[in-house]
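Chains as they are written, first to last, in the UniProt record's numbering: chain A, 1 to 282; chain B, 1 to 282.
Any given hint could be a false lead.
[Claimed, not checked] A few chain B residues facing chain A, derived, Cβ under 10 angstroms: (1) P127; (2) S191; (3) Y194.
[Stated by the list, open to error] So these bits of chain A aren't anywhere near chain B, every CB distance computed over 10 angstroms: (4) P33; (5) E52; (6) N60; (7) L61; (8) P73; (9) A110; (10) E156; (11) M204; (12) R224; (13) E231.
It should be emphasised that the hints constitute simulated quantities derived from the structure, not laboratory data. C-beta atoms are modelled at their ideal positions from N, C-alpha and C, and glycine is treated no differently.
One letter stands for each residue in the lines below.
Number of protein chains: 2
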Amino acid sequence: MKIGYLGPKATFTEAAAALLFPSQPREPYDTIPDCIDAAAAGEIEAAVVPLENALEGSVNLTLDYLIHEQPLPIIGEIVVPIEQHLMVHPYFTPHWREVKEVYSHSHAIAQCRKFLHTVLKGAKQVPMTSTSAAAKFVSEHPHLPAAAIANRLAAEKYGLVIVQENVHDYDYNHTRFIVVSRRKEPLSPASPLYAGDKTTVVVMLPQDRPGALHQVLSAFAWRRLNLTKIESRPAKTGLGNYFFIIDIDAPMDDVLIPGAIAEIEALGCTVQLLGSYPYYFA
Amino acid sequence: MKIGYLGPKATFTEAAAALLFPSQPREPYDTIPDCIDAAAAGEIEAAVVPLENALEGSVNLTLDYLIHEQPLPIIGEIVVPIEQHLMVHPYFTPHWREVKEVYSHSHAIAQCRKFLHTVLKGAKQVPMTSTSAAAKFVSEHPHLPAAAIANRLAAEKYGLVIVQENVHDYDYNHTRFIVVSRRKEPLSPASPLYAGDKTTVVVMLPQDRPGALHQVLSAFAWRRLNLTKIESRPAKTGLGNYFFIIDIDAPMDDVLIPGAIAEIEALGCTVQLLGSYPYYFA
């Protein structure tokens, strides 16, 4: 069965899907909701969508859609370093330092700012709708003195030559993707990329009052459950109301996490379990 | 003196800048770092950049850049509802239901998914680099059966007619913008949009250990300082290390907030003050 992902083809999302499901056919979807809906309808086995720091996806949308619209469980997560390369048409390889135009997604251009200001100073920066659209454009215009900034998958797909590797300014740039699926069992930890297990919950506070979040975190702290992520997000109900997305650095168990959830619910909070699943580092 | 903002023109960022600085000339910048750098160099009086949930900006970039690269103080914040409208060339107004192509930023297309699936079912959805680029394209191609999804400012700027207002799926969609400037004093609260004051700090934990965040929040909780936002973000130093961005719902004072910061530093954390400033609701 196919694996769906947020398209277009040859983006970082497809690269993440290929790492997790190397032997399955892949299908791009135009939007995050379309991709999640296809997984809910069973048209695809699983959906791979960006969760954090993605170039192409509206990142808040993924969790909002899972929380409010389509409550499919998260069955895995993968963190992929963002490696941007400068690539040109093969015809242009010897003269790449003379490129006059650089095509890429605007966020990728921003990520490669130092490189562009030094090595390709003066070249026009042209935003495209995705890094792979930029690579496609350059491959189709061999007569232009143009380069694209995109990932390795895009260079391979569109027959471009990488003339400078890792032109992004900072090495700590990563993107986080999650896998959601109708099937209840999480992904297998039998992968060399496997790094651990975690559990994600959403906590809605009963009202906005000083210290409420502190009480919620106490329930985890005294059980020595480590939290690796906590993020407040405005609730649908209007400005000033927040819910919290919390990642617990442990798999679901029979005692500790259910105990913490029961205690938080006793405080008057609503708790929604988004999944307990393995995570992978690429 | 000019006010800088993340361009292009006629986006939600320019709308936010116009609300805060109605009588000053405005200058668009291509990237968030360029805009912040111009404010740091004193070329512009202040920079208006997206902080959360923006269509055009890489949102994480704003705080990362302020924290790691260019520590300008935040002097104000404005929350603007995202109102997307369907607009066409005046020539095409009577026949707008027959449009065959809809141009917009991919995130805006995602936000108007239900409308597009019902009212304009079958119309091709074409992603552009920004909502204002989509409006510009439609204004320049009056012969095409095309519509754009963009904001009111774009309709005015490019002479398009809004044929359906508020075509976005959810009313609770807002974007948050901040103002950064070399000048130390915050924006004036003398505005009908003024909604309160807050203080933003960044806390780096000494090491990733269970309950550390809980201790940090205790310092605020027992002082009854309400937190309206808390967000963990991966640190530059690698995967698994986090820092926390915390919004305190109070202006900087002489006792409470300095006391909380001193207590958190005594725990071995590093605390960085990003600003204490008024916030506005549009």
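Hey, does E231 (chain A) actually stay past 10 angstroms from chain B on C-beta? About 5 angstroms separates E231 (chain A) from the closest Cβ of chain B, which leaves it inside 10 angstroms; violated.
Would you assess whether N60 (chain A), listed as outside the interface, keeps its beta-carbon beyond 10 angstroms of every beta-carbon in chain B? For N60 (chain A), whose nearest Cβ neighbour in chain B is about 6 angstroms away, the distance does not exceed 10 angstroms, so it is violated.
Say whether it holds or is violated: L61 (chain A) keeps its Cβ farther than 10 angstroms from all Cβ of chain B. At roughly 6 angstroms from the nearest Cβ of chain B, L61 (chain A) sits no farther out than 10 angstroms, so the non-interface label is violated.
Minimum Cβ distance from P33 (chain A) to chain B greater than 10 angstroms, as the annotation requires: violated (6 angstroms)
Report holds or violated for the interface hint on Y194 (chain B), using the least CB-CB distance to chain A and a cut-off of 10 angstroms. violated (14 angstroms)
Does E52 (chain A) sit more than 10 angstroms from chain B, CB to CB? violated (8 angstroms)
May I ask you to test the interface hint for S191 (chain B) with respect to chain A, counting a Cβ-Cβ separation under 10 angstroms as satisfied? violated (17 angstroms)
Does the claim that P73 (chain A) lies outside the interface with chain B hold up, using a Cβ gap greater than 10 angstroms? The assertion about P73 (chain A) holds, with a minimum of 22 angstroms to chain B.
Classify the label on R224 (chain A) as holds or violated, using whether its beta-carbon is more than 10 angstroms from each beta-carbon of chain B. violated (4 angstroms)
Since A110 (chain A) was said not to touch the interface, does its Cβ keep a gap of more than 10 angstroms from each Cβ of chain B? It is violated; A110 (chain A) is separated from chain B by about 5 angstroms at its closest Cβ, not greater than 10 angstroms.
Over 10 angstroms to the closest beta carbon of chain B is the bar; see if M204 (chain A) clears it. Per Cβ check, M204 (chain A) is outside 10 angstroms of chain B; nearest 14 angstroms; holds.
Assertion that E156 (chain A) lies farther than 10 angstroms from chain B (Cβ): holds (23 angstroms)
The structure does not agree with the numbered hints 2, 3, 4, 5, 6, 7, 9, 12, 13 stated previously, though it agrees with the rest.
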